[in-house]
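J.: One-letter residues, chain by chain:
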Amino acid sequence: MTHTFAADSVGLVRPEQMHFDEPLELECRRVLPQYTLMYETYGTLNADASNAVLICHALSGHHHAAGFHDAAEKRPGWWDSCIGPGKPIDTRRFFVVALNNLGGCHGSTGPTSIDPDTGKPWGPDFPMVTVKDWVRSQARLADRLGIQKWAAVIGGSMGGMQALQWSIDYPDRLAHALVIAAAPKLSAQNIAFNEVARQSILTDPNFHGGRYTEQGTYPRQGLILARMVGHITYLSDDAMRVKFGRDLQSGHFHYGFDVEFQVESYLRHQGERFSTAFDANTYLLMTKALDYFDPAREFDNALEQALERARCGFLVVSFTSDWRFAPDRSREIVNALVAAGRDVSYAEVETDKGHDAFLLKIPEYFRVLSAYLGRVADQLEEC
Amino acid sequence: MVRPDLALLAEWIPQGARVLDLGCGDGSLLAYLKEARGIQGYGLEIDPDNIARCLDNGVNVIEQDLDQGLGNFADQRFDYVVMTQAIQALERPDGLLAEMLRVGREAIVTFPNFGYWRVRQYLLARGRMPVSRRLPYQWYDTPNIHLCTVRDFEALCHEHGHRIQERKVLNHDLQQTWPSQVWPNLFGELALYRLSH
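Which chain is which? The protein sequence lines are D and Z, in order. Its first residue numbered 1, the first sequence is counted upward by one per residue in UniProt numbering. Its first residue numbered 1, the second sequence is counted upward by one per residue in UniProt numbering.
Take the hints with a grain of salt, since some may be wrong.
What the hints assert, rightly or not - Here are a few chain Z residues that sit away from chain D, every Cβ distance over 12 Å (derived from the structure): (1) 12; (2) 53; (3) 126; (4) 132; (5) 157.
Claimed, not checked - Just the calculated beta-carbon pair ranges, DEER-fashion: (6) 214/D <-> 71/Z: 50 to 60 Å; (7) 350/D <-> 132/Z: 48 to 58 Å; (8) 305/D <-> 132/Z: 43 to 53 Å; (9) 163/Z <-> 311/D: 29 to 39 Å; (10) 149/D <-> 131/Z: 34 to 44 Å; (11) 237/D <-> 126/Z: 28 to 38 Å; (12) 74/Z <-> 140/D: 49 to 59 Å; (13) 175/Z <-> 298/D: 34 to 44 Å; (14) 297/D <-> 155/Z: 22 to 32 Å.
Note that these hints are calculated values from the structure, not bench results. The beta-carbon is built from N, C-alpha and C at its ideal position, and this holds for glycine as well.
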């Protein structure tokens with residue numbers, strides 16, 4: 001049976017694996033002797049390999065950014081709204097690479113992978129990875145794919161942080177960085193939310209010090225709680241009011257602790273779904289990587305100094321109702337870039353959708369992305 | 001083709017200058033200065049359509065409300081801070097003018113002259129707030145809340161100690177003519193100023 005996809009969909013896509021035998025020395029001083037990265041590509045790499053774009057994923061993301069793995073798949077990749085023929089990240093012009101970060105649980109080497117030394121899953125023994133480590137592993141993936149320089153490195157939230165780190169660590173290997181709904185480092189409040197999420201996992205009786213797989217179980221309740229907290233911070237007060245208000249499931253009060261309000265039902269549903277799809281150790285690792293992220297730290301805490309190393313053009317985008325990484329956090333990046341004399345454009349998109357807005361098809365946002373990336377593609381074709 | 005007033009303004013800006021353009025619109029001045037003068041610059045803009053047009057034009061644009069000031073820019077970060085036909089729409093033009101000279105070595109300001117004879121004639125003859133090609137709004141829907149004349153502007157500069165380095169006054173065809181040189185406040189429709197400390 002043939003299935004037709006929308007004209008602006010990349011259609012059927014297949015994940016691929018790249019194995020690396022060169023040891024990767026991590027920031028935590030431990031060494032990953034070998035590892036695998038899971039990735040997908042969309043579009044065609046041009047003859048001089050100049051049209052490649054790297055998509056960096058956010059906290060719970062992975063390599064499946066666009067299209068469908070099979071015709072029966074209900075939901076396309078996580079950023080399908082933005083990637084495809086005629087979409088802002090236009091696959092008629094760009095060769096798009098999306099991967100699952102190291103430490104992930106969707107095919108790249110991480111806590112659920114087998115540690116070759118023990119023959120058992122890494123579990124809690126998987127080394128702590130940082131944004132810097134991810135960027136290094138991504139640079140090696142680029143080498144293997146024959147990509148010397150990315151036309152753009154693009155990411156939202158934690159993905160934006162990777163794009164920022166790319167610009168500092170490999171200034172000659174990207175022409176543009178798109179840093180969306182991100183921050184130059186986490187605030188105490190951000191870290192606090194991450195800590196609540198981690199504690200809910202760490203204190204789940206089924207966590208077993210991270211060795212839950214060996215016990216044939218997993219910290220389901222902990223993951224559900226972690227995701228519920230996360231979800232509250234990804235939406236705005238207004239978005240929740242519009243979506244759920246105080247609407248009741250059954251129309252009247254039950255005076256008990258079962259689900260009564262629709263927002264409760266929504267959070268529980270999101271939590272449940274997440275708990276079956278995501279590994280607890282990976283969640284711990286990735287939230288910690290977020291907490292550690294601070295590219296200015298090795299430059300006397302001066303972001304401007306760190307960004308003086310960058311050579312690429314920047315597009316920074318924030319969303320007015322995002323309180324997880326509020327517009328002011330993006331402005332810190334913009335101000336540092338101006339102080340460093342770098343090329344930067346900044347748009348603050350008016351929306352009530354909160355942090356999650358970076359995944360949504362908001363006309364003003366997509367217009368900005370399309371305009372910027374259109375220029376990037378035009379420049380490639382002029383060369 | 002760049003607008004004649006922008007071309008005149010560009011004559012003041014040397015090769016390779018660092019420029020901040022306040023209320024940069026679609027970025028055409030910055031694009032022109034980049035092309036003709038090799039400047040490094042940023043535009044500040046608040047309108048989403050204009051921001052997208054700036055990106056189309058390949059210039060750096062930063063979304064920022066000028067009424068919030070320029071506190072995010074360091075002292076003397078720029079050689080020139082430019083503001084074309086936006087000063088009349090600000091909440092506190094005097095404050096921003098001082099800010100322009102804090103973050104820039106020089107400031108370039110252009111504005112429609114409310115002392116222009118046609119404006120005076122309109123008000124005199126009809127007794128109503130003037131509506132023209134350059135000021136196309138009704139009194140109730142206009143973004144121009146602080147209109148001034150050439151004389152008003154120079155008085156403000158004098159009171160705040162801003163030095164007027166140069167002035168160009170253009171007629172309604174955006175040309176410098178002898179009447180607009182001799183009687184700028186009467187025959188100038190658009191005024192261009194270059195200021196320093």
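J.: Per the stated criterion, does the least C-beta distance between residue 132/Z and chain D lie above 12 Å, as a non-interface residue requires?
T.: Its Cβ never comes within 12 Å of chain D, the nearest being 32 Å, so this holds.
J.: Please check whether residue 74/Z and residue 140/D have a Cβ separation lying inside 49 to 59 Å.
T.: Distance hint for residue 74/Z, residue 140/D is violated at roughly 38 Å.
J.: Indicate whether the distance between the beta carbons of residue 305/D and residue 132/Z respects the range 43 to 53 Å.
T.: For residue 132/Z against residue 305/D, whose Cβ atoms are near 50 Å apart, the range 43 to 53 Å holds.
J.: Lying within 29 to 39 Å: is that true of the beta-carbon distance residue 163/Z to residue 311/D?
T.: 38 Å Cβ-Cβ, so the 29 to 39 Å window holds.
J.: Note whether the CB distance of residue 175/Z and residue 298/D lies within 34 to 44 Å or breaks it.
T.: violated (57 Å)
J.: Just checking, residue 126/Z versus chain D, shortest CB gap more than 12 Å?
T.: holds (39 Å)
J.: Taking C-beta pairs only, is residue 53/Z more than 12 Å away from all of chain D?
T.: At about 8 Å from chain D, residue 53/Z fails to clear the 12 Å cut-off, so the statement is violated.
J.: 22 to 32 Å was suggested as the range; check whether the CB atoms of residue 297/D and residue 155/Z agree with it.
T.: violated (51 Å)
J.: Using the Cβ atoms, figure out if residue 350/D sits within 48 to 58 Å of residue 132/Z.
T.: Distance hint for residue 350/D, residue 132/Z is violated at roughly 32 Å.
J.: State, for the Cβ atoms of residue 237/D and residue 126/Z, whether the hinted interval 28 to 38 Å holds or is violated.
T.: violated (50 Å)
J.: Do the beta carbons of residue 149/D and residue 131/Z sit within 34 to 44 Å of each other?
T.: violated (54 Å)
J.: Would you check whether the claim that residue 157/Z is not at the interface survives, using Cβ distances to chain D and the 12 Å cut-off?
T.: Residue 157/Z clear of chain D: closest Cβ-Cβ about 27 Å, beyond 12 Å.
Checked against the numbered hints listed earlier, the structure breaks hints 2, 7, 10, 11, 12, 13, 14; every other hint is satisfied.
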